[in-house]
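**Student:** Line order of the protein sequences matches chains V and D.
Numbering that gives the first Met the number 0 applies: residue 0 is where the first sequence begins, and numbers increase by one.
Numbering that gives the first Met the number 0 applies: residue 0 is where the second sequence begins, and numbers increase by one.
Hint data in this document are derived by calculation from the structure and do not stem from the laboratory.
Bear in mind the structure is a predicted one, so any value in this text is a computation, not a measurement.
Glycine included, C-beta positions come from ideal geometry on N, C-alpha and C.
Treat each hint with caution, since some may be false.
[As the list claims (entries may be wrong)] Residues from chain D that face chain V, not an exhaustive set, calculated with beta carbons under 10 angstroms: (1) Val-43; (2) Ala-92; (3) Thr-96; (4) Ser-117; (5) Gln-121; (6) Ala-124; (7) Gln-366; (8) Thr-368; (9) Ala-432; (10) Ala-449; (11) Val-451; (12) Asp-454; (13) Ala-516; (14) Gln-532; (15) Asn-586; (16) Ala-591.
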Amino acid sequence: MRVSTAMIHQQGLQAIQRQQAQLTQTQLQLGSKVKWTSAAADPAAYAAAQGLDRAVAQNAQYKATAESAKGRLQLEEDVLTSVNSLLQQTRVLAIEAGSGGQSNESRAAIAKELGSIREQLLALANSSDGRGRYLFAGSADGEQPFSWNGGATNYAGDHHVSQVQIGAQRSIASGDSGQAVFMGLPGGYGGVGVSAATGNSGSLAVTYLKRDDGTAWDGGNYTLRFSAADRYEVLDTGGAVIDGGDYAAGQSLQVQGLTLTLAGTPAVGDELRLAPAPSQDVFALIDRLATAVAQLQAGGADAAHFQTQLQQSLAGLQGAENRMIDVRAGIGVRLNALDDAIDLSAAYGEHASSTVSTLRDLDYAKAATRLQLQMTALQAAQQSYTLVNQLSLFDYLR
Amino acid sequence: MSDLLSIGVSGLMAYRRALDTTSHNIANANTAGYTRQRVELVSVQGSGSGNGYMGAGVDTATVRRISDGLVNARLQSDASAYARLDVLAGYAARVDTLLSDNASGLSRPLQAFFDGASALAQDPASTAARQAFIGNAQSLAARFNDTQAQLDGMESELNQRLRNTVDEINGLTKSLAALNDKISLAQGQFSGQAPNDLLDQRDQLVEQLANRIGISTTTQPDGSLNIFTANGQALVLGRDATALGVAEDHYQSGRLDVVHGGGARITAQISGGAIGGLLDVRREVIDPARNQLGRLAVAVAESVNAQHAQGLDANGELGGPLFTVPTGSSYAAGGNRGTAEVQIGFKDLSQLGGSDYELRYDNGGWQLTDSRSGAVVPTTGSGTAADPLRAAGLELTLGGTPAAGDRFLLRPTASAGGQLQVAIADPAKIAAAAPLRVTAASGNSASAGAPVIKDAGDPQLLGPVTIAFTGPDTYSINGAGSYSWSAGTPITVNGWQLSLSGAPATGDRFEISRGVANSGDNGNANALAQLAQRGVLDGGRSSLGQAQSGLVSQAGVSAQQSALRRDAQAAIQAQTLNEREAISGVNLDEEAADLIRYQQAYQAAARVIQIADSLFQTLLQSVGR
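Extracted from the complex, chain V is given alone in its bound form (with noise of 0.2 angstroms):
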């Protein structure tokens, strides 16, 4: 083939802006850490690499997320801790006002120091989330819930639980309503109330109330009367005897489905009253405790008479402890799942970039020794070319 002489310092020039653009290129690629900056080098790898991108952010919003979610369940665990232990003072001062040798006077001490642990259990109850907002209001936490009006509890948010997605699939409660904690529990022993008849002159106290196994109670009004002191009849709110029975001295007595535990000797006409106990809160429960305690006593009866509002207001107490025990042991569940959703997201995350760097980061090593090599190329095109020009056949015109 014939060669011109433009061709021949064309083609060198052409082979050395070749090599040059090459190691342009690897020069970008050293100093940028990635084989490619725009889609047009590998649009297919490029929209991976962006999806993984999301899924890597993704994990990382559901990590915050439950992070976020576990320093407030951790928050709420910590006030549930010291709530626990305010029911179990409670519980000790209870007892202690309960036992023989106390006088008016001390008992009127404890009362008082029933009525600083209900305010204390308040202010608990309307603790802040560490954001200005109310740990225990379900949605309306804005607005602090827990009001006392001096006989009830006033509570003002609502059943609401906010939900927060820790995973694709997967959301959690990030706390638990004031209404589940502190509100509804059940009323006298579960849901069954036994009160003394104001009357009373005997020390009959009752201890202990169970419900019997299925459906025996039927939720009615029952008064039971002692019409001799070892004989009781059951009436009807139409004042009908509907059953009776012999007593004798600490026997307990199976009554409409329920199970009394007595203590004390009755006097003739002696009354028990059994209905349906509405459901309280821990406040009110408390307050009913204190003003029980702060009662004056003048003798056998009034002390059988606080004997069977104490009795009750610690099988409440019960409930009180039973409902911590329920709603911590929840916190502990989710808790877990938010540790198993943070090792999961950072798990996923990390699966995620480590993809991302496979499709898109460069391997050094190979980039190192392509540059090597495409500075040799880069050399023997500029040698060539030099070596190639100084051939002329007008060098040896003389």
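Fit chain D to the given chain V structure using the hints.
**Tutor:** Chain D in isolation, oriented as in the chain V frame:
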């Protein structure tokens, strides 16, 4: 003797010309477009006699230009193809970089928007989180606006280049017509001898013209060259040139058409050259990118707004639009005789495409065709405000009275990316909370999940509702009616649905009421964050992020393909150029050899004259003695 002398002189003359031509070649070794020349020597037939015919020396028949017309024609078509692909690849690379660069692309602000929604879900009542969410939405809208502005800028730059290129073409065709004139004159002057250097000039100009527009050429007997566009419109006929022009398209939509001479629009027929490349860029790169960007902007606005409307803001009101929804552009054709106007609304994201459409009124009905493929798009509805024309996810409302043959260009999403704006500035107006809350009566057997909004437009949506079970599988709503309940089927009231878990018992009560103002609930913020994963486009198959990746990879593929094709064409062009150089290029060594050869021949011819002289002297001396 005189024969010898004249033969010697003819040699001197011929080799002098050969040396001149060789020097001309050497002098033009680096002149672009120069074709090497050769002196063609012919022997001169002398007078005959009985002894035979005696040669009478040498003559130069012509100075031949060594070129191959076929290679030159290939060089022209290669130049057209390369110029087109070079323009296309250049713009495609710019669009690719714009969309896929981490700093200028949409992926980061889009992700940040959903990250903001997620942060809001963690702390829904926080003003800072709400403010940050609005800030992220603004960054997202601003990035859409910026990207649109960049693409719009490219289009106006492209229009400018189109004008410039047409001007250049007109300048070139004018010069070519003038050269044709000179060449035919020069050729006539010396009995058909070709004016080699003018021909080189003309080939240069033709190549420059081919760089700008695809052409075909025919040579006339008088040496002039007729030039046509690839489709046959004459650009140069002999000494006359026809100018091209640019004009707004029929729809005044801001695009330019190329017009030929009197006014025929030849945009669709142009192929090749820079101008063909520019038209390809508009059709293959900028239009699809703008349409897809706009489609994504519409999808962001519509889907986020729809979700935002299902939540309660800090004032306890249903959320308003977070983004202003872009509107589509419609252009009436210049020759429309009716008064009809078209409003474009967006109805169904899952059906929304990235096409432009032509809407035509004929035979008392509207027909919609896809501008790119020309396929007819089936429509439903009549076009009134109450019953708009529905097709391809769009809602077309037609006002005024159309006349038969009226046409409209519909560009639903072409400018949507620039219209995306954040409509909320007050952090309190961010609807982070779920609108309804359930209060279950204590002692309920079944429990209820959060109500799911099915129709945010229901006027009774937020009205209080009490669902009371009057039996294990019957319930009343607000104390009235008796509806049957079956496990697994949600209870639907006032545009929402309530799902129960567990078996309800007689007496179970659920009160559903409007959420409070300043709520700590994060239900809607969660839903907004989850929107990142929800399929909203392409029949529900693509999430917003996936659609964004689709946009980027589409631009990437286009850039990759056009760069590959340009490089391939460059290799082909280099090959053809080498062929041309092999035939027509000057090789200095060859010319040096020729110099020696012709110098020697010249010296020999001079020696012939010297011999003739010495022969003459010999004769004179012998006679004079």
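**Student:** Please go over all the hints and tell whether each is borne out by the structure.
**Tutor:** Status of the hints after comparison with the structure:
Of the supplied interface hints, the one on D/Val-43 is violated, with its beta-carbon coming no nearer than about 30 angstroms to a beta-carbon of chain V, more than 10 angstroms. At a threshold of 10 angstroms, the smallest CB-CB gap from D/Ala-92 to chain V is about 6 angstroms, leaving the interface hint in force. At its closest, the beta carbon of D/Thr-96 sits 5 angstroms from a beta carbon of chain V; the interface hint therefore holds under the 10 angstroms criterion. The beta carbon of D/Ser-117 is positioned within 10 angstroms of a beta carbon in chain V (closest approach about 4 angstroms), and the interface hint is therefore held.
With its C-beta approaching chain V no nearer than about 4 angstroms, D/Gln-121 sits inside the 10 angstroms limit, and its interface hint holds. Contact between D/Ala-124 and chain V, as hinted, is supported at the beta carbon level, the nearest pair being about 5 angstroms apart and thus within 10 angstroms. Given hint, D/Gln-366 at the interface with chain V, is violated; its Cβ is 36 angstroms from that chain's nearest Cβ, farther than 10 angstroms. Restraint check, D/Thr-368 versus chain V: the minimum CB separation of about 30 angstroms is more than 10 angstroms; hint violated.
Hint status for D/Ala-432: holds, given a least beta-carbon distance of 6 angstroms to chain V, under 10 angstroms. Residue-level restraint check for D/Ala-449 holds (minimum Cβ-Cβ distance to chain V is 8 angstroms; threshold 10 angstroms). Taking 10 angstroms as the C-beta contact cut-off toward chain V, the hint placing D/Val-451 at the interface is violated, the least distance being around 13 angstroms. Checking D/Asp-454 against chain V by beta carbon gives a least distance of about 22 angstroms; that is not within 10 angstroms, so the hint is violated.
With a cut of 10 angstroms, the hint placing D/Ala-516 at the interface with chain V holds, because the nearest CB-to-CB distance is about 8 angstroms. A hinted interface residue such as D/Gln-532 counts as satisfied when its beta carbon comes closer than 10 angstroms to some beta carbon of chain V; here the least separation is about 7 angstroms, so the hint holds. Interface restraint check for D/Asn-586: the shortest CB-CB distance to chain V comes to about 5 angstroms, inside 10 angstroms, so the restraint holds. Against a cut-off of 10 angstroms between C-beta atoms, the interface hint on D/Ala-591 holds, since the closest Cβ of chain V lies about 4 angstroms away.
Of the hints listed earlier, those the structure fails to meet are numbers 1, 7, 8, 11 and 12, in rising order.
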